[in-house]
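Protein chains: 2
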Amino acid sequence: MTEPTTTPQPATPVPPVALSILPGEGRLEGSNGRYEKHLPDLEGLYRDDAAYREVLAADDGQPVYWVETTHTEDGPGGLITGISVLEPGTVGAEYAMTRGHLHAVADRSELYVGLSGRGVMILEALDGRTEVHDVEPGKAVYVPGHWVHRSVNVGTERFSTLFCYAADAGQDYAIIERAGGMKSLVVKDGDGYAVQPNPDHTGYELAPRP
Amino acid sequence: MTEPTTTPQPATPVPPVALSILPGEGRLEGSNGRYEKHLPDLEGLYRDDAAYREVLAADDGQPVYWVETTHTEDGPGGLITGISVLEPGTVGAEYAMTRGHLHAVADRSELYVGLSGRGVMILEALDGRTEVHDVEPGKAVYVPGHWVHRSVNVGTERFSTLFCYAADAGQDYAIIERAGGMKSLVVKDGDGYAVQPNPDHTGYELAPRP
Numbered sequence: 001m002t003e004p005t006t007t008p009q010p011a012t013p014v015p016p017v018a019l020s021i022l023p024g025e026g027r028l029e030g031s032n033g034r035y036e037k038h039l040p041d042l043e044g045l046y047r048d049d050a051a052y053r054e055v056l057a058a059d060d061g062q063p064v065y066w067v068e069t070t071h072t073e074d075g076p077g078g079l080i081t082g083i084s085v086l087e088p089g090t091v092g093a094e095y096a097m098t099r100g101h102l103h104a105v106a107d108r109s110e111l112y113v114g115l116s117g118r119g120v121m122i123l124e125a126l127d128g129r130t131e132v133h134d135v136e137p138g139k140a141v142y143v144p145g146h147w148v149h150r151s152v153n154v155g156t157e158r159f160s161t162l163f164c165y166a167a168d169a170g171q172d173y174a175i176i177e178r179a180g181g182m183k184s185l186v187v188k189d190g191d192g193y194a195v196q197p198n199p200d201h202t203g204y205e206l207a208p209r210p
Numbered sequence: 211m212t213e214p215t216t217t218p219q220p221a222t223p224v225p226p227v228a229l230s231i232l233p234g235e236g237r238l239e240g241s242n243g244r245y246e247k248h249l250p251d252l253e254g255l256y257r258d259d260a261a262y263r264e265v266l267a268a269d270d271g272q273p274v275y276w277v278e279t280t281h282t283e284d285g286p287g288g289l290i291t292g293i294s295v296l297e298p299g300t301v302g303a304e305y306a307m308t309r310g311h312l313h314a315v316a317d318r319s320e321l322y323v324g325l326s327g328r329g330v331m332i333l334e335a336l337d338g339r340t341e342v343h344d345v346e347p348g349k350a351v352y353v354p355g356h357w358v359h360r361s362v363n364v365g366t367e368r369f370s371t372l373f374c375y376a377a378d379a380g381q382d383y384a385i386i387e388r389a390g391g392m393k394s395l396v397v398k399d400g401d402g403y404a405v406q407p408n409p410d411h412t413g414y415e416l417a418p419r420p
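Chains A and B supply the protein sequences, listed in that same order.
In this text, residue positions in the first sequence follow this note's numbering: the first is 1, and each later residue adds one.
In this text, residue positions in the second sequence follow this note's numbering: the first is 211, and each later residue adds one.
Next up, chain A with everything else stripped away, as it sits in the complex (with noise of 0.2 Å):
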């Protein structure tokens, strides 16, 4: 037990939020934010250029991710929950992804807990160590601070995940843009995934302090 000290009280603390997780429909019930990632807005996420392209020519302008969040209150005491919703495919060899990052605060850690669906979460520290781990059902990974991850729909279905993370935590996507992608692909092969180096990959560097 923590000895326990005394904070300021807000006067009127946020009142709780009950939500209702509903993976089949991609939503989370009660949540205050949703954001929309169509095909269009991912050009240079995938190696294969001409397969994204002849991806996009076909685009049915449904979104390919999108995650809604409940953020109440800000850091450092506060928590952002949402959901992340990815459709299944391929471009050229590569599975459906998101973009990635490593938090705008390194040190800040993430949990992900798996909904539905079959993915991957693809995690790469700064120092050259790679990890990948399983997420379905009743599987969870946390992400400690300090690893940039990303997440891969590995299956047919609709991949989703309920995350939690620190409400100042921020996000750095220009981290892997700069690397040349993250260090690792993850490949269709037969009906499951491999892990391939990623020949663009330069290694990461963090951006130098504004």
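Where hints are given, some of them may not hold.
Said to hold, decoys possible - Derived CB-CB ranges, DEER-like:
hint, chain 1, residue 1, chain 2, residue 2, range
1, B, Y245, A, P199, 30 to 40 Å
2, A, P137, B, G299, 25 to 35 Å
3, A, S20, B, A261, 52 to 62 Å
4, A, T130, B, Q272, 48 to 58 Å
5, B, R244, A, G61, 31 to 41 Å
6, A, Y35, B, A261, 43 to 53 Å
7, B, N408, A, T12, 19 to 29 Å
8, B, A303, A, R129, 52 to 62 Å
9, A, D48, B, G348, 52 to 62 Å
10, B, D337, A, D134, 26 to 36 Å
11, B, Y245, A, T130, 27 to 37 Å
12, A, A174, B, D284, 51 to 61 Å
13, B, G402, A, D48, 38 to 48 Å
What the hints assert, rightly or not - On the chain A side, residues computed to face chain B include the following (Cβ under 8 Å):
hint, residue
14, Y52
15, D74
16, G89
17, A93
Unchecked claim - Beyond 10 Å from chain B on every Cβ pair, some chain A residues (computed):
hint, residue
18, P15
19, V55
20, D107
21, T156
22, D200
Since the hints were made in silico from the structure, they are not lab data.
Ideal Cβ positions, reconstructed from N, Cα and C, are used throughout, including at glycine.
Knowing the structure of chain A, use the given hints to seat chain B on it.
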């Protein structure tokens, strides 16, 4: 998007943690901590002391609730996540419950996600507000900072939840003891539950800084 900042990188960030959530067994595979509460540990928790003595006399020595956690990093970046498992039952009119707590760093929030069984989360703010939310599979509750909170099993099966909170939050259990218990009781009412005022509750007061 938050502007990236450079924070010092540890030479070797701690490895990610793969977790398997086993609510049927009441286990979190991959966790590195566990504590159990037995009936004799809960002296004074329930209002009806005669009923408590009676249940205690028939005690089979098994834990009445337990928690398995993964804790790999300290705050402020780290998160503790775990499974909380609460056996069903009543002591007098009251349903089986956890001790409840305010976070020692009171502005720290917590997410609870229902995994099995049927329970409620009682939430009480120091300004006198009470909220009671149902928690069951597919439902979650975000507990903002500054809310005293407790889990209650209002069903007939094990009630288990997945939780996630900042590693530096800590728990202040004594605030409830000093107040003569929480302001609200969750009691059996037919097959369901009712929320009643606790006549012993004297109001919450923060501990003086040591």
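Open item on the list: Is the claim that A/P15 lies outside the interface with chain B correct, judged by CB distances over 10 Å?
Closed with: 7 Å, violated
Task: Consistency of beta-carbon spacing, A/D134 to B/D337, with hint 26 to 36 Å - done: 45 Å, violated
Task: 10 Å Cβ clearance of A/V55 from chain B - done: It holds; A/V55 is separated from chain B by about 25 Å at its closest Cβ, greater than 10 Å.
TODO: With chain B as the partner, please determine if A/D74 meets the hint condition of a C-beta pair closer than 8 Å.
DONE: Interface hint status for A/D74: violated (10 Å vs cutoff 8 Å).
Task: B/A261 and A/S20 - C-beta distance against the hinted 52 to 62 Å - done: 35 Å, violated
Task: B/G402 paired with A/D48, Cβ distance criterion 38 to 48 Å - done: 57 Å, violated
Open item on the list: Between the beta carbons of B/Y245 and A/T130, is the distance compatible with 27 to 37 Å?
Closed with: Distance hint for B/Y245, A/T130 holds at roughly 34 Å.
- [ ] Kindly confirm whether 31 to 41 Å is satisfied by the beta carbon distance between B/R244 and A/G61.
- [x] 49 Å, violated
Open item on the list: Quick check: does the Cβ-Cβ distance between A/D48 and B/G348 fall within 52 to 62 Å?
Closed with: About 38 Å separates the Cβ atoms of A/D48 and B/G348, which means 52 to 62 Å is violated.
- [ ] Determine whether the non-interface label on A/D107 survives the test: each CB of chain B must be over 10 Å from its CB.
- [x] 3 Å, violated
Task: A/T130 paired with B/Q272, Cβ distance criterion 48 to 58 Å - done: 43 Å, violated
Open item on the list: Within 51 to 61 Å: is that where the Cβ-Cβ distance between A/A174 and B/D284 falls?
Closed with: 28 Å, violated
In terms of the numbered hints stated before, the structure departs from hints 1, 3, 4, 5, 9, 10, 12, 13, 14, 15, 16, 17, 18, 20, listed from lowest to highest.
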